[in-house]
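**Student:** Listed below are the residues making up each chain.
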Amino acid sequence: MKNRKEELKSLLIKFDEGQTTFDEEKRIKDLLRELDAMEFDFYKHYFESIDFSLKKRTEKSSIDFSFINQADVNQKKSTFTSRKLLKVAAIAILLIGAMFFGKHQQNKLNQSKAELALQQTVEALNLVGTKMNTAKEKMNYIEIFNDRTKPYINLNQK
Amino acid sequence: MNQIDFITEIQKHEPKMFGLAISILKNRDLAKDGLQESAIKLWNQRDYFQKVKNKQAYCMQIIKNWCYDELKRKVNNHLRLQDDEEVEEGIGNEKDHVNDTYRRIKSLIEKLPSKQRLIIQLKDFEGLDFEEISNALKMEQGSVRVNLSRARKRLKEMYLEQENKIKMIQNEE
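So the protein lines, in turn, are chains F and Z.
In terms of the working numbering, the first sequence opens at residue 8 and continues consecutively.
In terms of the working numbering, the second sequence opens at residue 190 and continues consecutively.
Hints were generated in silico from the structure; no laboratory data involved.
Keep in mind that this is a model prediction, so the values were computed, not measured.
One thing to keep in mind: the hints can contain errors.
[Said to hold, decoys possible] When the alpha-carbon atoms are kept at most 25 Å apart in a straight line, the in silico DMTMM-like pairs for lysine to aspartate or glutamate are as follows:
id	chain 1	residue 1	chain 2	residue 2
1	F	21	Z	299
2	Z	354	Z	320
3	Z	342	F	150
4	Z	221	Z	329
5	Z	327	Z	285
6	F	16	Z	352
7	Z	356	F	46
8	F	12	F	41
Bound-form chain F, shown alone:
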């Protein structure tokens, strides 16, 4: 009995200094219960209060975790909206791309057609030019013939 009281006293000194471990505090509680002496009333009541406080802490979780589902729904919604927007944007880009490509191809085709037409015109003009030159040369012979025959043939003069 005396030994236990001494043990308790020394443990309580350690307790007051904040040096006790959880096991030592458990031992203090056991000794307080066994000895039940008036001089340790404060400690007895103090440990009773601690036990009481721990026992009454049996409340269910007070955190409402529904915000997690809400956050998920919002996230899904926003993901869905972004996906939809992305699809629309992709289609729009494809359409615009196709339009520009088509226009570009059309321009290219028109340009090549114009170039061909120009080339053909140039060739045609060249051909006309050559023929004109030949004709002109032949006309020169007529002029020489006229000049030479003029003294002898004067059909138009009266």
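Got chain F; can you put chain Z on it based on the hints?
**Tutor:** For chain Z alone, kept in the frame of chain F given last:
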């Protein structure tokens, strides 16, 4: 971190977080608000939270900051925190004595300086160890121990003073 892991993790630390919030705010409803807000904050930063090694310390840090912000907000708005009046009620006749003792000890704890009160609450009534308190309050473990020692000694003094007064009154009667 998926939903189930997150909820399990938070529920593991919830009692201690609640205890810390109560110790700072002295109001159950506000402490519950603090828990809720902290859980939302932790969920919003779950990718980071998953990487945190000491999750309990981190949770305690989050709720502690929330509580102090709340206190500041109350002070700035010139509001006064309404203390919880009832410590416990309706536990049963056989426990009335313990209930009274609990109320008495609690009322004495309320008279301690705020740091000592917080530390004694966390250590003795919420079951946190020195390391956890040190992490939660960003204090050296030695300092936590010193404050705890002062708190316990002061509490004992106040209790004995009160006992003496009661005895004196009883003798006079």
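**Student:** Could you run down the list of hints and mark each one as holding or not?
**Tutor:** Going down the list of hints, with the structure as the test:
Pair hint residue 21/F plus residue 299/Z holds up; C-alpha atoms about 24 Å apart against a cutoff of 25 Å. The hinted pair formed by residue 354/Z and residue 320/Z fails the criterion: a straight-line CA distance of about 38 Å is larger than 25 Å. Among the hinted pairs, residue 342/Z with residue 150/F is inconsistent with the structure: their alpha-carbon atoms are about 146 Å apart, more than 25 Å. A hinted pair counts as satisfied when its Cα atoms are at most 25 Å apart, and residue 221/Z with residue 329/Z does not qualify at roughly 28 Å.
Proximity of residue 327/Z to residue 285/Z is assessed by CA-CA distance (about 38 Å); at most 25 Å being required, the pair is judged violated. The suggested pairing of residue 16/F with residue 352/Z holds, with an alpha-carbon distance near 20 Å, which does not exceed 25 Å. In summary, the hint linking residue 356/Z to residue 46/F is supported, as the alpha carbons are separated by about 14 Å, within the 25 Å threshold. Under the criterion of a C-alpha separation no larger than 25 Å, the hint pairing residue 12/F with residue 41/F is consistent with the structure, at around 10 Å.
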